[in-house]
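Participant: Residue numbers (this note's numbering), protein chains in the order written: chain A, 1 to 409; chain B, 1 to 179.
Keep in mind the hints are simulated off the structure, nothing from the lab. Heads up, the beta-carbon is just placed ideally off N, CA and C, and yes, glycines get one too. You may find that some hints are simply not true.
[What the hints assert, rightly or not] Covered stretches of chain A, going by a simulated chain B footprint (3 or more residues, C-beta under 8 Å):
hint : segment
1    : 52-61
2    : 318-328
3    : 388-396
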Amino acid sequence: MNATYAWLVSLVPEIAGWPAWAVVALSATLPALACFTFMSLGPIVYVYAERKISAFMQDRLGPMRVGPYGVLQTIADTVKLLFKEAIYPKGVDRKLFVIAPLLVNVGAFLPFVVIPWGARLQPADLNVGIFYVSAISAISTVGLIMAGWASNNKYALFGAMRSAAQIVSYEIPSLLIILVPVMLVGSLSLQDLTLAQAGGLPHWFLFRYFPLMPVAFVSFFTAALAETNRAPFDIPEAESELVAGFHTEYSGFFFSLFFLAEYSEMFVVSAVASVLFLGGYLAPHPLLQSLAFLGLPAVGLGWFWLWWKAWALMFVMMWLRWTLPRTRVDQLMYVAWKVLLPISLALVLVVGGLVLIPATRDGFFWDAWVGWPLTLVVVGFLFVVMLRALQWNRARDRQMALSAPQVSR
Amino acid sequence: MREWLRNVWEGFFTVLVGMRITWRHLFTKSVTLQYPSERWTLPPRTRMRLFMKYEDCIGCGQCVRACPVNCISLKTEKRPADKPPIWAATGQPIKLDVTVFDIDMSLCCYCNLCTYPCPTFCIYMTPDYEFASRDLKEHLYRFAKKDAVFLTEDPKKKAAPAAPAAPAAPGSPAGAPGA
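Construct the complete structure from the given sequences, taking the supplied hints into account.
Facilitator: Laid out in structure tokens, this is it:
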């Protein structure tokens, strides 16, 4: 039937004898439940992380009151949002107003179906996988426009039109760049895309065709960031100009649905980017792929690696959000049409040509020496900056101890 | 084309520069003071809530006239001759009974002008700033007490018995020398 079914049969062989309807129900319900739980509980963690990271980047503390270090803050917020009244302003189109946040969530939720967490840990290995992801996440744009239209509010409509313009523009470069790994593999299935990068970190698509694929990755990441409507590309909900854009009129539960969708989309986009460029569920070194290297039973660690890769990319998204100011609409269009589009077109042509040449079928000859040194340089640089920040901290502490008024607790 | 490449590179590179700055701040220490659980100890001369030590007040009313917003109200009565003589801690004899000494802190502008003319240093500002209240009337502080214990001996007499009793009697507020 599918991967889940095969996995279940490997666990409990009796299942193979069950009637077809039970098999379908079981192998569809279990992953759906798992995905749904993951999707609805995940944002609680992401929002907490985002608030803490943003606070630390601005030399603040972030939530500190609810629970130790404020860990329960987002749970409290969720409860608050769920119990708040859902207000329907006068003049809204009730049906569309209610359907819109649900549709946005459908777009954010359904891509979870094809994300591979391991060789068999995947709800459905569609042969159109990556195409399915981009098609289904485009549905949430319809939801956004619907929300803007149904709100009967000019700011909401502005936000919706902006998000339409933005997502239509950025779909093009992001889809073109998706073509690059797809051309390398010759398959749209996320499982095949992942397995084509087997063999450790230097084999990831990020380090193939050395100067080309990193450019592709950065362009894809930029386009994906814009598609999730996050800063610096959050003009559809630009607070300073549009109140809150398309979700101006939403409150309570429906507002929290938009919130949920935004963070789930972040996760989906990060997971897809890691599958396309960072080897998906594959470990940086083949040895680390399962617990076997510790002498333990060979439990696969694929979910662990994909989880951390997606998390790292989400961290970069938050990092960017608290680094860059919001772009203007014309700058946004400039980046999409005049920067990303030419780059992605050139990449498709160049990599497409290189794939056809037998000598460069799997990358340039120097690719094997690029992966680890480049990773080490980046990590080392971040580490050095971190050390210097800590050093500066201590220097400031010494200075403050001499001059500042005391703090009583 | 070269212009375009430079633009793109500059855009990319400046983003990295910004990211380095935020990365650095990720590890710098927070400057937040979690107010109710930790707070600054203010310097001793901070100008916050006014305080008046009733036992030392001679009722001269100089603070009343110094106040630019008229937040101090003072009423005095001549101290009857049959009552025992009393002194302020600085040695001035108290010739007037202060019956009302109210400071309306909701009017106070914290200028500190009232404390300078006080001959007995009985009115001063304290570093206490947490006196917000739900009712404006709670900001009216009444300092006149019925049960105040005054000095019944001239504190200067012990140190210098020959010294004449303090400056001229303060008299009514109107008659006091200008500050």
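Participant: Decide, hint by hint, whether the structure agrees.
Facilitator: Evaluation of the provided hints:
| no. | hint | verdict |
| --- | --- | --- |
| 1 | 52-61 | holds (count 8) |
| 2 | 318-328 | holds (count 5) |
| 3 | 388-396 | holds (count 6) |
Against the hints set out earlier in the document, no violation occurs for any number.
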